[in-house]
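Trainee: Chain A is fixed; fit chain B onto it per the hints.
Line by line, the protein sequences give chains A and B.
In this text, residue positions in the first sequence follow UniProt numbering: the first is 1, and each later residue adds one.
In this text, residue positions in the second sequence follow UniProt numbering: the first is 1, and each later residue adds one.
Misleading hints may appear alongside valid ones.
[To be verified] Straight-line alpha carbon distances no greater than 20 Å define the calculated DMTMM-like cross-link-like pairs of lysine to aspartate or glutamate that follow:
# : chain 1 : residue 1 : chain 2 : residue 2
1 : A       : Lys-326   : B       : Asp-240
2 : A       : Lys-231   : A       : Glu-290
3 : A       : Lys-326   : B       : Glu-176
Keep in mind that the hints were calculated from the coordinates and are not lab data.
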Amino acid sequence: MRRPLARALAALAATALFLPAVAGCSGEPAGLVIYSGRNENLVAPLIEKLEEHLGTTVDVRYGGSAELSAQLLEEGDETEAGLFLSQDAGALGALSKEGRLTPLPPATLDKVAPNYRSSAGDWVGVSGRVRVIAYNSEKVTAPPGSVHDLVKPEWKGKIGYAPANASFQAFVTGMRVLEGDEATRTWLKGLKANSPKAYDSNLNVLDAVDSGEVSLGLLNHYYWYEKAAEKGADKLRAKVHYLPNGDPGGLVNVAGVGLLKGADKQQSAYAQKAADFLLSAESQRYFAEETKEYPLAAGVEQAEGVPPLDSLQPPQIDLGRLDSLKATLAMLQDVGMV
Amino acid sequence: MTTPDSPVRKRPAPRPAAAPASAGRRRAAARPPWPLLLTACLAGALALLPLGYLAVRALERGPAFAWDVIADERTGALLLRSLGLAAVVVAACLVLGVSLAWLTVRTALPGVRVWSVLVTLPLAVPSYVAAFTWLSAAPRLVGFTGAALAMTLVSFPYVYLPVAAALRGIDPAQEEVSRSLGNGAVRTFLRVVLPQLRPAAAGGGLLVALYVLSDFGAVSLMRYDTFTRGIYTSYRASFDRTPAAALSAVLVVMTVALVAAEARTRGRAGHSRTGRGTARPATPLALGRLRLPALAWCGAVVVAAVGFPLGVLGYWLAVGSSATWEPALLTDTALTTLGVAAAGAALTTALALPVGVIAARHRGRAAHLLEQAAYAGHALPGITVALALVFFAVRYARPLYQELPLLVCAYAVLFLPVAVAATRAAVLQAPPVLEDVARSLGRSPLKVLREVTVPLAAPGVAAGAALVFVVCMKELPATLLLRPTGMDTLASRLWTETGAGSFAAAAPYAAALILLAAVPSYLLGRHRT
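Here chain B stands alone, though its shape is the one from the complex:
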């Protein structure tokens, strides 16, 4: 993305940046510079690969067969179960995410800096580890309750992070006006603050919903049948790829519908910021008598989401014999995991940058389609995405098959939306006025992007990269099928050890995974826009 812009420079400067800058809204008319568009299309094409594969496999035995699978009443029942779980988890994540964000950003909560880091740490806990530890302590938790609990506890930071960032960006003057008009703190929050948080909360909620739809580990351990579990069972029990592909296609349709719904919720709100120059930090609200309940709330969430799984892992480490410790293997595996996750984060971020910029700065059907394409594969279970890449790689990219680049591509397909969401939000917060000024000073669009937009959005983009880094580290199904033969990540080792039934031997890998993933999570918690 930072290649020299020679081809562009030779072209006559495209229409000067229209009229003087006002809010950057008419920017919709300006075409994105072609290198940007090209990379974005590349990202979109990569993200659409699984769809091509699904079409091939689902229609292999004719549309009638595929339709039979889709029209089966069980399909509908599973879909409803998945959507029900997603709805409950999203609602719970909104409550946790928004309340914690408000407490850590806007109140005089004791130890607020520590809390703002602690509440992002659940990101580091894989859903299957959360489910596993909870089950080992409370076997009766199985089913909907258990699945909802485990998924909520690991995914509420997806809401917390964007909402906290948005809260920091809101001009407190509006709230002061509201208070001066006689509205109480609660009323002001509901009437003035909450509406402004809507885009951030909706974006986070969307990621949570798609994550719930695609998750296999937690629902499988909690024995709660969802759509994804149906897809896995289909691979597992019938060794048949056609029904699984037909079912996956339904998930894609669901994803597109969810993304469209989120876009409606988001509306134009995110585009109305005029720059952060005018805002100043809000005065932290004294909690008074509510101090203890607030502390208890934060404490309970952190203990349940991070303390508890770590405690259970610690117990296993303690009871396990020393023979299960293999420090050399653990170190090797940890380094490999860091390497592939870094590569995954880098590629995903590089591909998400153009998509995010276009989604934030350009309107119209093409921009919208691009963003939707990026999200298309996100709700698909990992195994489907992996088989799609197997399909394409053995046919068209044989040398790459089961080599690192292909695994990294799989991560990009799976997690592109995470990075796109972060990039778009970051670009939206960068005042377009500055870009217009740069354009008026004769900079080419690409140069503006490099010298103005990207540096302004860099902290947000970096935050997105950190988030992708974390999720890549935890990824399992695609890693199992696409890793180079003999390569192990912490997640795959964890799979091996628990598959052999030795929880004590699995504990070091689970603990290492959580501790390593906690580093970028910690940076995310400290990161302030």
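Extracted from the complex, chain A is given alone in its bound form:
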């Protein structure tokens, strides 16, 4: 029985060596390569429309925004990608800082309010999400009006959050920018003293609020609307509460795109067109309807049931400054949250 085994092994090796050759010659090169930190299930239908629009094939590499930005930094000028579609402004800010993005033309940038694009002009937000407090309507009658209320003793052991999640960290960075490091540190310590329950994702926070495991949670608005669309809003015990008066807990953050340096001319041209397409009315409606996010280009309405962006009172902040995530992380580590 020994020889057949060795032979099987050799056959396996031969197949394996042959396999890359087969896979290597599949398909012609794509007109545009996109690195996407946004989930495939979320944006794949939009990418199909983009292919039609561009009249060329578009290859998308899906991954985590942070992992992909690390990969892009490692690739440098050798990158195959023309466009980076990021889940959050922070990863775009990091690429911008390292000089990996090329400036976008004013015509593209101007489609979006200055709040939601790079101050250096090299990335632009394509969809927005608001930080909200989700609360269990059976346990909470009056949700807090500010994140500052969360450090009060009445919420001890009743708060759920996702400290390792990029959105939470961006919110803390926002608080640092708005209120300074000392105030933020004090708030974090107060929150920590209230023993909040840590979850791995916003989705888990929402589930915990809905099941009553915690009374309220910090998350992004669209998680609730997606769940409501799936299960029916009346079946959810969790409700959302938007924070008024420029409260740092009501931060509006964006997912956005940047054009990558190092791509060849043709690819850059496609990438530019793709950025404009993502800001077109068609794509913006897609984000509103499918992901329940806020469309950022002027003239497109948010999904039904979602309050209009201009009815909210988010804090005014330069999103480019959210790239100082490192100091936030140090602070979170210091307090013992991550």
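Mentor: Leaving out everything else, chain B in the frame of chain A:
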């Protein structure tokens, strides 16, 4: 490895195989044939690539910066947490692995053949799926307990397999002598059997320890902060590769220390076998009153490690709407996964063979260094290895970048130790006497290797290949960064679906992954040396 040996044949035969064969120990003096050495060095060099990258990145901003990261008190705390988790998981795996191996190899356990297959199946369950299913049923399990439970349940076969193989190879005569001297079954097991199992158990324990150090999925889901999680957070939150590289370098040092410690534990024990010709199968021990507890033990382990995750996945499949089923995509993805995993297993085995042979048959500093090099990258998180390959490929192998060969190379770097461990053990069990005879009959060293050593070690090498095949199928972080654009494996699809929050849509991929990975696991369970 099986190329014609023309260059060697032309050379004058190197010193005849010394004196007549005795135990093969003086073989240490003989130099390995150069094609073997060359391939082994190639494997070592590939395995060392991540270290080169780490050095470049960690020192990018000067040694002082890197030192600041390493000397941070948090670094030490995370390392202690990782080591604590590894210690508990290894201990638990030793208990599970050794007890199950003894029950399935040496006792008259009812249905012993079925059990010996069932207890290897947990290999097929990815750590993140195990953690996920347990969490969905018992959300309070988070933290150390949950992480330790999930890691133990998926990794105890790393101990079970080598220990079971060693148990089958032990000459029962020694135990009979012990029993005849009035020692009871327990005492005989502790005094006679256990010491002989030490090398196998230590080797398995080492793989478990390195696996725990490198795992991200289970600890992340269980929200237990470990060193690897610290490295990921560093990439994720600061978009900065320097601190992550400095932290990874600490893991490498840990790995080398663990490998050295394991080598000490192993000692010379593995080298003392004189061949299997004299041994005969041990008479299975009647369990008597212990039959039911023994069955309950095996049953509980199998249910917790395999039955439970499959049950939860089955529930999701049942509640998920039919719209989430995409049979064509599932089939495509499954075939791709099988293909890349096969390629990964083939390359890894081919590279591990020379390293394993040299580690088993040749002593000395060079052999030792080679083996350590092979292990160096094993405790590194997948993303670090992947970024290292990105770094080298875009600079020196541009055409290969984001093509299958590079992904396959990443698998080889990540899983070389798994195959090396299996190969070394298999070669050690092949009596060196036969090689000496072949040498004395005028065969060249390479021919001896091809005609004697490899065929004798083939079942063990094949078992190692099967094991690598399984772990390649489950690999995620490196697959995400290095796969050809647009290619999907079952693991990456699973990632996509759970990222979108649709567990029902993820369930078919998780189930397919477990069922496919169960095939080689099943073969491993049936495989008897």
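Trainee: If a hint holds in the structure, say so; if it doesn't, say that too.
Mentor: The hints, checked one at a time:
Between Lys-326 of chain A and Asp-240 of chain B the alpha-carbon distance is near 9 Å, which keeps this suggested pair within the 20 Å criterion. Distance check on the hinted pair: Lys-231 of chain A and Glu-290 of chain A sit about 15 Å apart at the alpha-carbon level, within 20 Å; holds. Using a Cα cut-off of 20 Å, the hinted pair Lys-326 of chain A and Glu-176 of chain B is violated, with the two alpha carbons roughly 65 Å apart.
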